[in-house]
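Enquirer: The lines below spell out each chain.
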Amino acid sequence: MLTLQTWIVHVLFIFFTTESVGELLEPCGYIKPESPVVQLGSNFTAVCVLKEKCMDYFHVNASYIFWKTNHLTVPKEQYTTINKTASSVTFTDTSSLNTQLTCNIRTFGQIDQNVYGIRIISGLPPEKPKNLSCIVNEGKKMMCQWDPGRETYLETNFTLKSEWATEKFADCKTKRDTPTSCTVDYSPVYFVNTEVWVEAENALGKVTSDHINFDPVDKVKPNPPHNLSVSNSEELSSILKLTWINSSIQDFIRLKYNIQYRTRDSSVWNQIPPEDTASTRSSFTVQDLKPFTEYVFRIRCMKEDGKGFWSDWSEEASGITYEDRPSKAPSFWYKIEPSHTHGYRSVQLIWKTLPPFEANGKILDYEVTLTRWKSRLQNYTVNETKWTVNITNDRYIATLTARNLVGKSDAAVLTIPAYDFKATRPVRDLKAFPKDNMLWVEWTAPNESVNKYILEWCVLSDKSPCIPDWQQEDGLVHRTYLRGNLAESKCYLITVTPVFADGPGSPESIKAYLKQAPPSKGPTVRTKKVGKNEAVLEWDQLPVDVQNGFIRNYTIFYRTIIGNETAVNVDSSHTEYTLSSLTSDTLYMVRMAAYTDEGGKDGPEFTFTTPKFAQGEIEAIVVPVCLAFLLTTLLGVLFCFNKRDLIKKHIWPNVPDPSKSHIAQWSPHTPPRHNFNSKDQMYSDGNFTDVSVVEIEAANDKKPFPEDLKSLDLFKKEKISTEGHSSGIGGSSCMSSSRPSISSSDENESAQNTSGTVQYSTVVHSGYRHQVPSVQVFSRSESTQPLLDSEERPEDLQLVENTESSAGSFPRQQYFKQNCSQRDTSPDISHFERSKQVSSVNEEDFVRLKQQMSDISKPFEAGQMKMFQEISVADAFGPHTDGLVEGFETVGMEAAVDEGMPKSYLPQTVRRGGYMPQ
Amino acid sequence: MRAQLMWRTLPSLVLGLLFLSTPVMGSCLDKDQELLRQLQKQADIMQRTSMLLNPYIQSQGLDKDGLKEHCRERPGTFPSKEALQRLSRQELLRALNTMLDHVLHRLMALQQDIPKAQDLETVNRAKQNIRGFKNNIHCMAQLLPGSSERTEPPPIGPGTSPSPTPTPDTFQRRLEGCRFLHGYHRFMHSVGQVFREWAESPSRSRRHSPRRGLWKGARRVPLSRGNKRLLPRGQLPR
Chain A
618 MLTLQTWIVH
628 VLFIFFTTES
638 VGELLEPCGY
648 IKPESPVVQL
658 GSNFTAVCVL
668 KEKCMDYFHV
678 NASYIFWKTN
688 HLTVPKEQYT
698 TINKTASSVT
708 FTDTSSLNTQ
718 LTCNIRTFGQ
728 IDQNVYGIRI
738 ISGLPPEKPK
748 NLSCIVNEGK
758 KMMCQWDPGR
768 ETYLETNFTL
778 KSEWATEKFA
788 DCKTKRDTPT
798 SCTVDYSPVY
808 FVNTEVWVEA
818 ENALGKVTSD
828 HINFDPVDKV
838 KPNPPHNLSV
848 SNSEELSSIL
858 KLTWINSSIQ
868 DFIRLKYNIQ
878 YRTRDSSVWN
888 QIPPEDTAST
898 RSSFTVQDLK
908 PFTEYVFRIR
918 CMKEDGKGFW
928 SDWSEEASGI
938 TYEDRPSKAP
948 SFWYKIEPSH
958 THGYRSVQLI
968 WKTLPPFEAN
978 GKILDYEVTL
988 TRWKSRLQNY
998 TVNETKWTVN
1008 ITNDRYIATL
1018 TARNLVGKSD
1028 AAVLTIPAYD
1038 FKATRPVRDL
1048 KAFPKDNMLW
1058 VEWTAPNESV
1068 NKYILEWCVL
1078 SDKSPCIPDW
1088 QQEDGLVHRT
1098 YLRGNLAESK
1108 CYLITVTPVF
1118 ADGPGSPESI
1128 KAYLKQAPPS
1138 KGPTVRTKKV
1148 GKNEAVLEWD
1158 QLPVDVQNGF
1168 IRNYTIFYRT
1178 IIGNETAVNV
1188 DSSHTEYTLS
1198 SLTSDTLYMV
1208 RMAAYTDEGG
1218 KDGPEFTFTT
1228 PKFAQGEIEA
1238 IVVPVCLAFL
1248 LTTLLGVLFC
1258 FNKRDLIKKH
1268 IWPNVPDPSK
1278 SHIAQWSPHT
1288 PPRHNFNSKD
1298 QMYSDGNFTD
1308 VSVVEIEAAN
1318 DKKPFPEDLK
1328 SLDLFKKEKI
1338 STEGHSSGIG
1348 GSSCMSSSRP
1358 SISSSDENES
1368 AQNTSGTVQY
1378 STVVHSGYRH
1388 QVPSVQVFSR
1398 SESTQPLLDS
1408 EERPEDLQLV
1418 ENTESSAGSF
1428 PRQQYFKQNC
1438 SQRDTSPDIS
1448 HFERSKQVSS
1458 VNEEDFVRLK
1468 QQMSDISKPF
1478 EAGQMKMFQE
1488 ISVADAFGPH
1498 TDGLVEGFET
1508 VGMEAAVDEG
1518 MPKSYLPQTV
1528 RRGGYMPQ
Chain B
1171 MRAQLMWRTL
1181 PSLVLGLLFL
1191 STPVMGSCLD
1201 KDQELLRQLQ
1211 KQADIMQRTS
1221 MLLNPYIQSQ
1231 GLDKDGLKEH
1241 CRERPGTFPS
1251 KEALQRLSRQ
1261 ELLRALNTML
1271 DHVLHRLMAL
1281 QQDIPKAQDL
1291 ETVNRAKQNI
1301 RGFKNNIHCM
1311 AQLLPGSSER
1321 TEPPPIGPGT
1331 SPSPTPTPDT
1341 FQRRLEGCRF
1351 LHGYHRFMHS
1361 VGQVFREWAE
1371 SPSRSRRHSP
1381 RRGLWKGARR
1391 VPLSRGNKRL
1401 LPRGQLPR
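Read top to bottom, the protein sequences are chains A and B.
Numbering-wise, the working numbering comes out as the position in the first sequence, counting from 1, plus 617.
Numbering-wise, the working numbering comes out as the position in the second sequence, counting from 1, plus 1170.
This is chain A alone, in the form it adopts within the complex (with noise of 0.2 Å):
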């Protein structure tokens, strides 16, 4: 009872309030039509009416009425005020396919109010359905459907209408999801026509297709023939009898049938002629089967008028035929093997197995027979295919049956020839060249008639050996493919060997890829020598193994760190290549690519740096500037050798050492022991220019032997006469010091007893024989020593002289004396290196002794020459030239052992057993 009361209250309220509701929200007007629908392209218009009650209450009339379209003002040119309630709008050219309409007032002049609103859907009326065809899946009900034609943007409904003449059918209806076709809910009565149409309507119109007026049954799609089975026949190995069960259908109408069938491995049907099973059947032979094959078979019918559509495949049955005899003898060859048996050869027969349309049933096993010549037959029954055997050195003939269970094949004949045969009669003209991915071999028979020909062939490999496969061709053939499992970018190593009825021909082989590609690898290049300006590269053939087809050519490419790459093409039989024009002293990339013809592969780098120099070329320069160099060394010693003396007396003048002068004692009776005429006349001419020094030494306190002097003297006179003048170490102290002192006998010995002395000389004018020179001449020592006082005074000198006497006990004594300066020489010292020596002391002592020189030799200079003319005249030379070879010889003695001694020069006193004065 409560809960009817609530009830109640609840109905009371919602009632109450949808009515107050309702006066609120009732609309200042409306809009005529309600729900437009407007055909695309067409023009609409719409009214839109005003209440009067409204209207009072907002003061307005139909001028205020103001259109928008999808919340847009529509212009004002479009309107139409009808009267004072009403105005319309009128839109030409329809193309939007929804638009929401409104009409609006503006009341109390700015505030706009919406009075009504309505949608416009726009669309297109139904096109007439076209293509209108039905099916009748058997069992199953018609089914019909058709092209709707255009799109029409409204909801458009397609109704399948069927009739008979005397009955109409219940409209078939599509559904939303398929409203192209549409499958009847009655079964269709065959044998009445049946008039079919559809009908398509939307809200701007209806449509009628045309109508088709057919007979269901010519519509049928039967249902597909079912149990197919197939039976083989022992009498005959080519046929095959196929039976199935037709579907119902076949109780209203006839049937034809498309029978189908293929070989198990193939996957292309062959078809029975369709005019052999045009009739209603459930069975039929099939015949020209290959025996022992297996067949696959299918079959469909259809109305046998070829009225309505074919059925569905059947479901696939199979069936072998029966076997028959091998059709053909199989393939045939021989190996021979070395045998160790002598007079024998072991031959292994070879056959292949025949294919099953060949084979023709189950091989059961093959039968061999071996006939020497003029011998008996030997028959063999083989199960495997090859067959090895010892055999003579004779011809023999083989022959090879395969069989099976029906019978046995034709024989294959092989005639394996005597040991000595010689094999001749290639094949010309092979070649081996891919198609179709497969690889062909041809080539031009030879003239003579052939049996038939053994294709071998086997993949050339570095890592594994050739392992051939072969296969036979007719005699008639030549050109064929091999038929084997050949692999890609394998080289093919292929051998056709002809073969005659009295043997083999000789075989002839090719090579050939079944598809080549890039190499594996690329070359590995290297220098095989690099020069400035070109390098020999190098490189390996690539192992077959990566080759992956023929090689045709190589690329090098180069280039510096900074510069293009260059790149060069070299013939693929080349091993080798120069690069030239290259710079020197500069780092190369090079790398290698070989190429096949389906591309190339590049192998590693590779760098090398061209020297600076070519090769020689600094062997070029440096020898000859090395042989330069010493070819004017060598002049430059020899020059040197050859002017020693000049050059000694530049720069290591003599320097008589002037406490070793002696002063020598003139005895003007003593004759002149030599003949100076020709001096005479020399000093006559005013030429005497220099003054020889010899040096003699007094050894162990003994005087000079009269026979050593003499032949000094000799000597003296020599070079005298050839020179001109006579000289010697210090020589130029007495007059000129320019000139190359004269050594006894060893002139290395007497340089060398020279060395590291320091030589003054004191040039004593005195009187011939025992007569006072009228003037007494000195010549300046070049030594830079100070004079000591007994040279400053003559009278001293004669007191040295007296006190030489008592000196000769000394081992080693120097002499000096004027024109003929003798000085203690050492044998065993060089006179280059005594030069040295020399040339070791002060520059500043040599200096300034030039500048003595230059001082002495100016007040010389017209007194002195005259002075030498006087000497010359004298002729004082001559007695004391064995003294002076002696003297001259110790000079290098007294150097030696003075070279320990301080350079400084202090006046010497003439030792006991120097010379003396005769």
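Be aware that a few hints might be false.
With beta-carbon atoms standing in for the labels, derived distance ranges [what the hints assert, rightly or not]:
1) B:1271 - A:818: 44 to 54 Å
2) B:1279 - A:787: 53 to 63 Å
3) A:758 - B:1370: 49 to 59 Å
4) B:1371 - A:797: 46 to 56 Å
5) A:758 - B:1274: 20 to 30 Å
Just so you know, these hints were derived from the structure itself, not from any lab.
Quick reminder that beta carbons are idealized off the backbone N, C-alpha and C, glycines included.
Dock chain B against chain A, hints included.
Expert: Showing chain B alone in chain A's frame:
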């Protein structure tokens, strides 16, 4: 001559009006031979006991030895082949139309005793075939060049007004149904044969007037409700 023409035209008009009393719908085939072939085919189909009788026997439990022998057409239910052969084409068509209406009626009655939907579907398919056959009769009637000179339905015996015999119990009703269906299939077999004769002698109707042709035999062997002679029973196709 004019009277003769009128005499021939009037019955055609009546027959036409009879069939045209049904609302005009789909068009008929305008090729009489094709239409005749369809009728033959339909008769061939409808004579098969597998289409109706066998399922009915199975559904009604009559497929037992001893019972099948009782499932024989009751004489007089359907006209015999000879009776049909005696009718003119127009009369035959009219008689067929009448007989098939009766069959439809009877099938509707039999449906009440068929519980299984599958068997009902069989009956419905049979009814649909009968309607289709009637449609072709209608079309054939329109194509016939002449018309029956008689306005009354031809006196083809009990088949003209077959009515189910009142049966006291269900078994008897089922057995009567079985006998009726047996007769129906036999009747359709006869119809098929007659149509085949039509096809073999297409000019017969033109050569002989319907009255002199089809009705000729009828006159010699008039069929009447009272004439209950046994019609030859052909072996029904199975």
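Enquirer: With reference to the structure, classify each hint as holding or not holding.
Expert: We went through each hint and held it up to the structure:
| no. | hint | result |
| --- | --- | --- |
| 1 | B:1271 - A:818: 44 to 54 Å | 36 Å, violated |
| 2 | B:1279 - A:787: 53 to 63 Å | 24 Å, violated |
| 3 | A:758 - B:1370: 49 to 59 Å | 36 Å, violated |
| 4 | B:1371 - A:797: 46 to 56 Å | 48 Å, holds |
| 5 | A:758 - B:1274: 20 to 30 Å | 22 Å, holds |
In summary, the numbered hints that this structure violates are 1, 2 and 3.
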